[in-house]
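Please model the entire structure based on the sequences and the hints provided.
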Amino acid sequence: MESSTHPQNPNTMASMYSSSLEALQLPFENLHLFDNSSLSLNASSTGVFPDPQRNHGLGFSRVGSFRSCLDYFTGESMNLGSSMFDDVNSNVSPGFQPIFSLDSEYSYGYSNWVIDMAKTEEGSKDLQKLLSNSTNNNRIFSWVFDFIVELMIDQSGRYLFQKLIESADETQLQMILEKLLVPHNYIYYASLLKYGSCSIKKLITVLEKSPLITCVIKALGDKFEKLMMDPIGHYVIFECLDVLDSQTNDPLNIQAMKHCLELVRHEQGSVSMSGFVTRIKGPRRDQLLKLISRNSAFLAQDPTGNYVVQCVIRLQNPAMNDQIFRNLEGYYVKLSTTKTGSYVVEHCLLSSGLDRVINELLRSDRLVSVAKDRYGNYVVQTALKESKKREISLHGSLVVKLEQHLKCLQHGYGRNVVSVLRCLQ
1 MESSTHPQNP
11 NTMASMYSSS
21 LEALQLPFEN
31 LHLFDNSSLS
41 LNASSTGVFP
51 DPQRNHGLGF
61 SRVGSFRSCL
71 DYFTGESMNL
81 GSSMFDDVNS
91 NVSPGFQPIF
101 SLDSEYSYGY
111 SNWVIDMAKT
121 EEGSKDLQKL
131 LSNSTNNNRI
141 FSWVFDFIVE
151 LMIDQSGRYL
161 FQKLIESADE
171 TQLQMILEKL
181 LVPHNYIYYA
191 SLLKYGSCSI
201 KKLITVLEKS
211 PLITCVIKAL
221 GDKFEKLMMD
231 PIGHYVIFEC
241 LDVLDSQTND
251 PLNIQAMKHC
261 LELVRHEQGS
271 VSMSGFVTRI
281 KGPRRDQLLK
291 LISRNSAFLA
301 QDPTGNYVVQ
311 CVIRLQNPAM
321 NDQIFRNLEG
331 YYVKLSTTKT
341 GSYVVEHCLL
351 SSGLDRVINE
361 LLRSDRLVSV
371 AKDRYGNYVV
381 QTALKESKKR
391 EISLHGSLVV
401 KLEQHLKCLQ
411 HGYGRNVVSV
421 LRCLQ
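Oh and the sequence shown: position 70 is 70 in the UniProt record's numbering, straight run, nothing missing.
Honestly, the hints are just simulated from the structure, not real lab data. None of these values were measured; they are calculated from a predicted model. Idealized CB from N, CA, C, for every residue including glycine. Honestly, I wouldn't trust all of these hints.
Claimed, not checked - In the BS3-like style, the derived pairs of lysine-lysine whose C-alpha atoms are separated by at most 27 Å in a straight line are:
| hint | residue 1 | residue 2 |
| --- | --- | --- |
| 1 | 281 | 209 |
| 2 | 339 | 407 |
| 3 | 389 | 401 |
What the hints assert, rightly or not - With beta-carbon atoms standing in for the labels, derived distance ranges:
| hint | residue 1 | residue 2 | range |
| --- | --- | --- | --- |
| 4 | 329 | 281 | 26 to 32 Å |
| 5 | 424 | 374 | 18 to 24 Å |
| 6 | 362 | 415 | 20 to 26 Å |
| 7 | 424 | 278 | 29 to 35 Å |
| 8 | 150 | 339 | 44 to 50 Å |
| 9 | 133 | 286 | 45 to 51 Å |
| 10 | 350 | 133 | 28 to 34 Å |
| 11 | 350 | 285 | 37 to 43 Å |
| 12 | 283 | 396 | 42 to 48 Å |
| 13 | 128 | 170 | 18 to 24 Å |
| 14 | 385 | 246 | 48 to 54 Å |
| 15 | 121 | 339 | 46 to 52 Å |
As structure tokens, then:
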């Protein structure tokens with residue numbers, strides 16, 4: 001999705017939102033979205049890789065029995081307590097010459113067997129058991145390296161990948177990252193896949209204290225909007241927020257602010273941004289909450305954006321909630337009669353915005369219409385219940401005004417309000 005520049009011209013905004021704004025009490029066309037175009041990136045967003053020397057393999061055909069091959073590597077009866085390759089030639093018949101010598105440049109041919117073994121449940125478990133000493137680790141690493149992407153997105157192979165990166169040294173981790181980032185951003189593509197995302201989340205955990213994590217954050221930040229709009233990819237972003245500190249995550253936080261107003265109006269993006277809002281830490285948190293709060297009058301009536309406004313209200317941040325309640329003043333009555341807006345108004349009633357909402361309902365000549373509305377009756381029910389518990393004077397005023405129209409409320413959705421009135425007496 002291309003980043004959109006939010007128009008500041010009132011007429012332009014009116015045309016964009018005309019269909020959804022007509023029902024609101026005050027003229028939404030006098031409002032405009034507030035964006036963030038002057039953010040500075042305080043954290044490093046670049047990563048430089050070394051150019052390590054390595055074998056590139058010969059692409060042999062994959063033949064032979066995986067179990068026989070593994071037995072051949074390890075000795076009789078899968079004796080996993082010994083080194084994978086100790087005295088391997090002593091376990092074969094005299095005169096037998098293995099197809100590949102373990103110490104020759106052709107040993108890479110075994111990678112074909114190892115990859116296929118790793119992609120089976122039993123083979124993956126066996127190979128993980130072998131990752132108990134540095135010799136085996138280095139051998140297996142050299143054989144699977146050129147197939148690392150294939151390994152990390154496989155249902156069984158991902159477990160070997162995760163075990164391998166746990167035991168890898170810094171140089172090997174650099175090589176893996178180079179493989180995943182050059183020439184293609186495989187970190188992004190793997191993050192969109194069920195098993196690949198698990199591997200990337202494990203990589204984030206392993207690199208938590210390593211300088212290499214900035215390379216991962218940069219790769220994710222470059223595709224932030226697409227990841228947040230993906231039902232699987234957004235969990236990788238969440239992993240960063242859960243595991244890493246706010247300074248490391250700063251490039252992601254900046255991308256969240258940059259794309260916030262587009263994401264919250266996207267079905268999956270709105271869900272993802274709600275999760276992001278609850279997880280973000282550090283100084284960028286208040287900046288993001290303030291951005292949402294300033295645009296709450298628009299987002300409250302948006303089919304998906306209203307969920308993020310509800311999320312911010314539930315955080316019970318006094319300053320942010322006060323800004324939301326002030327922005328919504330004059331819109332409460334008509335927001336109450338829309339499906340999306342009624343949810344936001346109910347959240348205001350359940351928090352410190354109770355008095356603002358009820359006072360606007362009492363001043364309006366449309367209270368009875370709201371009480372009889374398909375969505376508005378839920379707002380009035382909530383107002384009655386919450387004011388009974390917290391604002392008894394407002395509750396009394398609301399009851400008096402509604403009881404003047406009991407006959408009118410006996411039909412349709414108004415009956416739900418009458419039922420609540422009787423229960424609270």
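- Message: Please verify whether residue 339 and residue 407 have alpha carbons no more than 27 Å apart.
- Response: 26 Å, holds
- Task: Look at the Cβ atoms of residue 385 and residue 246 and judge whether their distance stays inside 48 to 54 Å.
- Result: 39 Å, violated
- Query: Do the beta carbons of residue 329 and residue 281 sit within 26 to 32 Å of each other?
  - Reply: 31 Å, holds
- Query: Taking 29 to 35 Å as the hint, is the beta-carbon distance of residue 424 and residue 278 inside that range?
  - Reply: 33 Å, holds
- Does 28 to 34 Å hold as the CB distance between residue 350 and residue 133, or does it fail? 59 Å, violated
- Item | Distance restraint hint 46 to 52 Å, applied to the beta-carbon atoms of residue 121 and residue 339 | 47 Å, holds
- Message: 42 to 48 Å was suggested as the range; check whether the CB atoms of residue 283 and residue 396 agree with it.
- Response: 45 Å, holds
- That 20 to 26 Å hint for residue 362 and residue 415 (C-beta), does it hold up? 22 Å, holds
- Task: Look at the Cβ atoms of residue 350 and residue 285 and judge whether their distance stays inside 37 to 43 Å.
- Result: Violated, since residue 350 and residue 285 (Cβ atoms, about 22 Å apart) do not stay within the stated range.
- Query: Between residue 133 and residue 286, is the Cβ distance one that fits in 45 to 51 Å?
  - Reply: Hint holds: Cβ distance 50 Å, inside 45 to 51 Å.
- Message: Does residue 401 sit within 27 Å of residue 389, going by the straight-line distance between their CA atoms?
- Response: Given that 27 Å is the threshold and the Cα spacing comes to 19 Å, the pair holds.
- Query: Range hint 18 to 24 Å: satisfied by the CB atoms of residue 128 and residue 170?
  - Reply: For residue 128 and residue 170 the Cβ distance comes to about 22 Å; the hint holds.
In terms of the numbered hints stated before, the structure departs from hints 10, 11, 14, listed from lowest to highest.
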